[in-house]
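Residue-level listing of the chains:
Number of protein chains: 2
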Amino acid sequence: MIKPVLAIHGGAGAITRAQIIPAVKLAYEDALRSILAGGERILANGGSALDAVTEAVRLLEECPLFNAGHGAVFTRDATHELDASIMDGSTLACGAVANVRTIRNPVRAARAVMEHSPHVFFAGDNADAFAREQGLEIVDSSFFSTPDRHAQLIKAQETGVDSIVLDHDGVVDQPPLDESKKMGTVGAVALDAHGNLAAATSTGGMTNKWPGRVGDSPIIGAGCYANNASCAVSTTGKGEAFIRAVAAYDVAAMMEYTGVSLEHAAHKVVYEKLPPLDGAGGLIAVDKHGNITMPFNTEGMYRGSVVVGQAALVAIYRE
Amino acid sequence: MIKPVLAIHGGAGAITRAQIIPAVKLAYEDALRSILAGGERILANGGSALDAVTEAVRLLEECPLFNAGHGAVFTRDATHELDASIMDGSTLACGAVANVRTIRNPVRAARAVMEHSPHVFFAGDNADAFAREQGLEIVDSSFFSTPDRHAQLIKAQETGVDSIVLDHDGVVDQPPLDESKKMGTVGAVALDAHGNLAAATSTGGMTNKWPGRVGDSPIIGAGCYANNASCAVSTTGKGEAFIRAVAAYDVAAMMEYTGVSLEHAAHKVVYEKLPPLDGAGGLIAVDKHGNITMPFNTEGMYRGSVVVGQAALVAIYRE
Numbered sequence: 003m004i005k006p007v008l009a010i011h012g013g014a015g016a017i018t019r020a021q022i023i024p025a026v027k028l029a030y031e032d033a034l035r036s037i038l039a040g041g042e043r044i045l046a047n048g049g050s051a052l053d054a055v056t057e058a059v060r061l062l063e064e065c066p067l068f069n070a071g072h073g074a075v076f077t078r079d080a081t082h083e084l085d086a087s088i089m090d091g092s093t094l095a096c097g098a099v100a101n102v103r104t105i106r107n108p109v110r111a112a113r114a115v116m117e118h119s120p121h122v123f124f125a126g127d128n129a130d131a132f133a134r135e136q137g138l139e140i141v142d143s144s145f146f147s148t149p150d151r152h153a154q155l156i157k158a159q160e161t162g163v164d165s166i167v168l169d170h171d172g173v174v175d176q177p178p179l180d181e182s183k184k185m186g187t188v189g190a191v192a193l194d195a196h197g198n199l200a201a202a203t204s205t206g207g208m209t210n211k212w213p214g215r216v217g218d219s220p221i222i223g224a225g226c227y228a229n230n231a232s233c234a235v236s237t238t239g240k241g242e243a244f245i246r247a248v249a250a251y252d253v254a255a256m257m258e259y260t261g262v263s264l265e266h267a268a269h270k271v272v273y274e275k276l277p278p279l280d281g282a283g284g285l286i287a288v289d290k291h292g293n294i295t296m297p298f299n300t301e302g303m304y305r306g307s308v309v310v311g312q313a314a315l316v317a318i319y320r321e
Numbered sequence: 003m004i005k006p007v008l009a010i011h012g013g014a015g016a017i018t019r020a021q022i023i024p025a026v027k028l029a030y031e032d033a034l035r036s037i038l039a040g041g042e043r044i045l046a047n048g049g050s051a052l053d054a055v056t057e058a059v060r061l062l063e064e065c066p067l068f069n070a071g072h073g074a075v076f077t078r079d080a081t082h083e084l085d086a087s088i089m090d091g092s093t094l095a096c097g098a099v100a101n102v103r104t105i106r107n108p109v110r111a112a113r114a115v116m117e118h119s120p121h122v123f124f125a126g127d128n129a130d131a132f133a134r135e136q137g138l139e140i141v142d143s144s145f146f147s148t149p150d151r152h153a154q155l156i157k158a159q160e161t162g163v164d165s166i167v168l169d170h171d172g173v174v175d176q177p178p179l180d181e182s183k184k185m186g187t188v189g190a191v192a193l194d195a196h197g198n199l200a201a202a203t204s205t206g207g208m209t210n211k212w213p214g215r216v217g218d219s220p221i222i223g224a225g226c227y228a229n230n231a232s233c234a235v236s237t238t239g240k241g242e243a244f245i246r247a248v249a250a251y252d253v254a255a256m257m258e259y260t261g262v263s264l265e266h267a268a269h270k271v272v273y274e275k276l277p278p279l280d281g282a283g284g285l286i287a288v289d290k291h292g293n294i295t296m297p298f299n300t301e302g303m304y305r306g307s308v309v310v311g312q313a314a315l316v317a318i319y320r321e
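Residue numbers (the numbering used here), protein chains in the order written: chain F, 3 to 321; chain C, 3 to 321.
Just chain F, same shape as in the assembly:
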């Protein structure tokens, strides 16, 4: 009998230099544990991997601690542009949205694209309009804003660089991973009792990104991939590098074509193929046997996994 499993991530990055306040670290761990439990319930009740990853990513989007949905980072223009994708490993059906601004839960929009359109990918205002027509919850873009994310934008713009700023020195209640160096994405992968795999990914992108930029999160093959024949993968990291590496599909292709294990393939992509491309980040993946791997080449990655009915594991740094 197949034991359903679920894994989630909330972004990868560098450990903050200042002293971590234990209570803040606990808040992140509690959030991961609670979100895992939300997805686990679906799998425990015989639900599909597709439903479990949709719900887990929806919960990650709802949590302001993570860079997706409410709590998404700001673009250079102090706006929000959200990306998401989802893939069903049993059919290779998939859906994605990019640069959406008013859909409360972008992962649900990605799923609606997959299930209710002849296409697999919509971008911009038309993606928002599609979600509205589908009856998904629409919010004002300010819904996604939090004071912490706005402070990050100001900090990034003060440094005068276009990409990632340096530090949060002096801030005392900072999170366990340095937000200014974090590659913020959320994602989930699951295996259900029927042996089906699914993956979903969602993000607000990079703080201070250029408006219109699309990262790897909505790109099937780069930020998200699922195939019952091999594995389900959700990535987080410097999106440009993950696109160049076709990172998510590369894990599956290596397994399919060389017969190596999930762990071997995922480690090879994260530790050998991504670094030469400036590919800081990590991924979570599960195979059809329920093996889970969560490698990252940064100092930490918010992550958690659970085999249904067993104790959940959550972690931020290396073991």
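Just so you know, these hints were derived from the structure itself, not from any lab.
Take these hints with a grain of salt, some might be off.
[Claimed, not checked] Derived lysine to any residue pairs resembling SDA-like cross-links, with alpha carbons at most 25 Å apart: (1) K275(F) with E117(C); (2) K183(C) with E321(C); (3) K275(C) with N47(F); (4) K270(F) with V262(C).
Please arrange chain C on chain F, whose structure you already have, making use of the hints.
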């Protein structure tokens, strides 16, 4: 010494049922030959594969016979939304734009994203704005319109279906491939004298597509991929299937991981992996040895190839 090579395509599809007028067929063949010659000149003068594919795709965009740039198809709303991508096999650098409406040559915008931004992919109005800032030629969207493409939209909408219409019966001067069944994209792949590979792809998408839809053409890994270690690939076909199959990268991955030839890998993707996903279409590819393959699972594909200094080959149907 490496013999530089260039291959191009102008879309795949079904043979039209009515009698083909030889003069119309010749017009397509002449266009392919002339465009090949334009790219070949660059390679013959020691130019890069990247410059050759940029120029070949620019010429395909300029030609109203092909669905990219001037001559692009219409969306459901009678607008144009263009997608393009490019990848440099020597560095894995890449760039892409989606849903642009005013950039005369989307392939140049993709290249500008690659060379002059910290990102690799822009979508929508912000992609147009980026191209404008880069000094690329901006046109009114009506520049892309041709009477033939508008007639195709009207025909598609009269059938009352959202996707592909059936026939052009009764039209006498129709092109060699049934435009209503054609998967219109253009693309180029090249190997230069320095041993570097490059690929580029550009499209107007599908006639009557939903606004905001993004197909495979701007997706690195699906519609375009290049890596000196394996091959350069540009695809054309039902974009949704090519995204699900991660088709372009799959050719490269199969070569890298199993050691099969370019032809073997490309044929496997086109004849075995895409059809179960409803993946009508084809691709062109070249490897580091200058081998070329141009498989398609439709009745025809506009295509051509040349080894620098030798006679060019152009074809539409099977040999």
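Verification of the hints:
1. For the given pair, K275(F) sits about 22 Å from E117(C) by alpha-carbon distance, which is consistent with the 25 Å threshold.
2. Only pairs whose Cα atoms come within 25 Å are accepted, and K183(C) paired with E321(C) is accepted, the gap being roughly 21 Å.
3. At roughly 34 Å between alpha-carbon atoms, K275(C) and N47(F) are farther apart than 25 Å, so this suggested pair is violated.
4. For the given pair, K270(F) sits about 21 Å from V262(C) by alpha-carbon distance, which is consistent with the 25 Å threshold.
Hint 3 alone, counting from the list given before, is not met by this structure.
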